[in-house]
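Visitor: Keeping their order, the protein sequence lines are chains A and B.
Residue numbers for the first sequence, in our numbering: 1 to 366.
Residue numbers for the second sequence, in our numbering: 1001 to 1245.
The set of hints was computed from the structure by calculation and includes no laboratory data.
Values in this document were obtained by computation on a predicted structure and should not be read as measured data.
Accuracy of the hints is not assured; some may be wrong.
[What the hints assert, rightly or not] Capping the alpha-carbon separation at 25 Å, the derived lysine to aspartate or glutamate pairs in DMTMM-like fashion look like this:
#, chain 1, residue 1, chain 2, residue 2
1, A, Lys197, B, Glu1035
2, A, Lys205, B, Glu1229
3, B, Lys1037, B, Asp1083
[What the hints assert, rightly or not] Pulled a few chain A residues facing chain B out of the computed Cβ check, cut under 10 Å:
#, residue
4, Gly20
5, Arg42
6, Ala53
7, Ile60
8, Tyr64
9, Ser68
10, Pro182
11, Ile206
12, Lys237
13, Val238
14, Asn240
15, Trp318
16, Gln320
For each residue, glycine too, the CB sits at the ideal point set by N, CA and C.
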Amino acid sequence: MKKKLMKGNQALAEGAIRAGCRFYAGYPITPQTEIVEYMSDRMLEVDGNYVQAESEIGAISMVYGAASCGYRAMTSSSGPGFVLKQEGISYIASAELPAVIINVQRIGSGLGDISPAQDNYILSVKGGGHGDYRPIVYAPSSVQENLDYTLLAFEKAEQYRTPVVLLSDGAIGQMMESVRIPDMQQHDPNKFEWALKGKQSGKNKIVTSNMYYHEQDKYGRYTQDAYAAYGRYLADKVKNIQENEQLYEEKYLDDADVVLVSYGISSRICKAAIETARKEGIKLGLIRPISLFPFPNKAFDKLSDSLKGIICVEMNSWGQMVDDIKLAVNGRIPVHMYASSAYIPDEDTIIKMAKEILNSDAKEVL
Amino acid sequence: MGKTRITPKVLHDEHKFCAGCGHGTVFRMVAEVLEEKGLDSKAIGIVAVGCSGIMVDSFGIDWIQAQHGRAAAVATGVKRVRDDNFVLTYQGDGDALCIGIAETLNAAIRNENITTIVLNNGVFGMTGGQMSSTTLIGQKTKTSTKGRSAELHGQPLDIFNLLKNFNVAYLARGTITNFKEINKTKNYIRKAVEAQLNNKGYSMVEIVAPCPTNWKLDPVKCMKKIEDEFIPYYKLGEFTNGEVI
Chain A
1 MKKKLMKGNQ
11 ALAEGAIRAG
21 CRFYAGYPIT
31 PQTEIVEYMS
41 DRMLEVDGNY
51 VQAESEIGAI
61 SMVYGAASCG
71 YRAMTSSSGP
81 GFVLKQEGIS
91 YIASAELPAV
101 IINVQRIGSG
111 LGDISPAQDN
121 YILSVKGGGH
131 GDYRPIVYAP
141 SSVQENLDYT
151 LLAFEKAEQY
161 RTPVVLLSDG
171 AIGQMMESVR
181 IPDMQQHDPN
191 KFEWALKGKQ
201 SGKNKIVTSN
211 MYYHEQDKYG
221 RYTQDAYAAY
231 GRYLADKVKN
241 IQENEQLYEE
251 KYLDDADVVL
261 VSYGISSRIC
271 KAAIETARKE
281 GIKLGLIRPI
291 SLFPFPNKAF
301 DKLSDSLKGI
311 ICVEMNSWGQ
321 MVDDIKLAVN
331 GRIPVHMYAS
341 SAYIPDEDTI
351 IKMAKEILNS
361 DAKEVL
Chain B
1001 MGKTRITPKV
1011 LHDEHKFCAG
1021 CGHGTVFRMV
1031 AEVLEEKGLD
1041 SKAIGIVAVG
1051 CSGIMVDSFG
1061 IDWIQAQHGR
1071 AAAVATGVKR
1081 VRDDNFVLTY
1091 QGDGDALCIG
1101 IAETLNAAIR
1111 NENITTIVLN
1121 NGVFGMTGGQ
1131 MSSTTLIGQK
1141 TKTSTKGRSA
1151 ELHGQPLDIF
1161 NLLKNFNVAY
1171 LARGTITNFK
1181 EINKTKNYIR
1191 KAVEAQLNNK
1201 GYSMVEIVAP
1211 CPTNWKLDPV
1221 KCMKKIEDEF
1231 IPYYKLGEFT
1241 NGEVI
């Protein structure tokens, strides 16, 4: 395993290559364009496939095709482009194919701007495409994690036959840090029984919405029972992921009076704020969700009812993750919001808010 | 004794298209060519949304059902990773030439080594006969009830006027109004398939075909409508480098 100084976006792309990803289709948009650039070179070196697509819709459609053949396939974008990919993500989810889709978040709705933010939680975590699906979503907080969670994303995508979203952001994508680069993994696209190869011998395969594999009546029509069975199947799949795939990091939960909840780039400020506050005798703790779907409810179950409060810290204008936190604590603990908008959250504000909570001066978020 | 035409084995079930629909004849020709070339075990087909999607039930090759319009992009993903397989898209005009025009054009511009079969009947069939990019001037549809007008809706799209400017391998337009045209069209499909097998790049065959249900005409009158109204606008033949062969 060698170490190298890398940009977050490059580390992420190298992670995909190391995972055995041999198909990448992309379209430039800031702040993720280094992934497109890196892949355009690197795929040639590993005898893989790079296509510069005509659009984000074209790119995700190409991923749909390559994934149907059992290949590890990936595409990446940022907010305005990620929206366009939702059509294809919904089809990939419905056909139960593995694929990895990167969203390097930038600020704003509409055009917004190219600076980093955490504005795409709802878009990426709650869906955005049509229908009944929930992609697994990972939120890295460092250049190393950009690489590590891309590898995990491919693994989990295949285990559950589902699209997996890596929700990074412009800050992590653009910063440089030292990275441990793992050995190259080999991936055999022919190992899956569902992968298309041409029918060769035996029955032909059809990749389409898996709704169509559920029971039909003798006229080939889908009965109400078949729709219900499909619904139960999807519910079980989601439940299984919720039960088994919650990932989070915790700090000082045992003795904390106030707990910060923050993911990605903001969580790094929170970690610094905790240490500063503890020097002042203020006991802060942290829950950092790593899987955003499934949301790590198990971390919240551990929290005592006597905890003074939770502060959700996010880099957007009103707080997109806060609803999930409120559901996770189910009214047991007051939940507060620090939405730092276009600015990186600052330690002073976090500590000031914690003091207000401890003095019972703070107002809960609605 | 005349020759007996044997149904290709790859067609394993009866199709579910409307009576008199052009799809039955067209996909039979595609099946015959694939079988003749020994490709049915190597083929991966992409259909998208619309009537063409029905054929996966009876046409026994590997299929992917793509999003509406995106078949050419999905085919790009397939062919790039499985270049030993034969990759085709089978689409209607609404799919390939309206919503999917960007994907279709860009696959051709990249000269992807895939084959596209487009059935052009000038309407969105499955949704009940609405205007498409290829609806003729004056043609009445559910969304052009007074007939398509150039002022309101623009000119009908002749895809070959666009594609023949690019360095693509093979383009042809046929119809199925009689045996002679059917045989010609089948030959076009054969040449398009060979273009891919010889790694020449992108090939497309557009087939002008009837939609009796939405044209509200019996199948015989449909054929006359194609000859009188469609063919004068959508010229038949093979097209390459800006020339009719």
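Visitor: Each hint needs a verdict: does it hold in this structure or not?
Guide: Evaluated hints:
1. For the suggested pair Lys197/A and Glu1035/B, the alpha carbons sit about 17 Å apart, so the restraint of at most 25 Å is met.
2. Using a Cα cut-off of 25 Å, the hinted pair Lys205/A and Glu1229/B is violated, with the two alpha carbons roughly 40 Å apart.
3. The straight-line distance between the Cα atoms of Lys1037/B and Asp1083/B is roughly 17 Å, inside the 25 Å bound, and the hint therefore holds.
4. Given hint, Gly20/A at the interface with chain B, is violated; its Cβ is 13 Å from that chain's nearest Cβ, farther than 10 Å.
5. Using the Cβ-Cβ criterion of 10 Å, the hint placing Arg42/A at the interface with chain B is not satisfied: the shortest such distance is roughly 16 Å.
6. Hint status for Ala53/A: holds, given a least beta-carbon distance of 7 Å to chain B, under 10 Å.
7. This hint holds: Ile60/A has a C-beta 8 Å from the nearest C-beta of chain B, less than the 10 Å allowed.
8. With a least beta-carbon distance of about 5 Å to chain B, the hint placing Tyr64/A at the interface is held under the 10 Å criterion.
9. Taken as an interface hint, Ser68/A checks out: its beta carbon lies about 5 Å from the nearest beta carbon of chain B, inside 10 Å.
10. Hint on Pro182/A is violated. Least Cβ distance to chain B is approximately 24 Å, over the 10 Å limit.
11. This hint holds: Ile206/A has a C-beta 5 Å from the nearest C-beta of chain B, less than the 10 Å allowed.
12. Interface restraint check for Lys237/A: the shortest CB-CB distance to chain B comes to about 20 Å, outside 10 Å, so the restraint is violated.
13. Hint status for Val238/A relative to chain B: violated, with the closest Cβ pair at about 23 Å, above 10 Å.
14. Here the hint on Asn240/A is broken, as its CB sits about 26 Å from the closest CB of chain B, past 10 Å.
15. Checking Trp318/A against chain B by beta carbon gives a least distance of about 33 Å; that is not within 10 Å, so the hint is violated.
16. For Gln320/A, the interface hint is violated, since its Cβ never comes within 10 Å of a Cβ in chain B; the closest pair sits about 27 Å apart.
In this structure, the earlier hints numbered 2, 4, 5, 10, 12, 13, 14, 15, 16 are contradicted, and the remaining ones agree with it.
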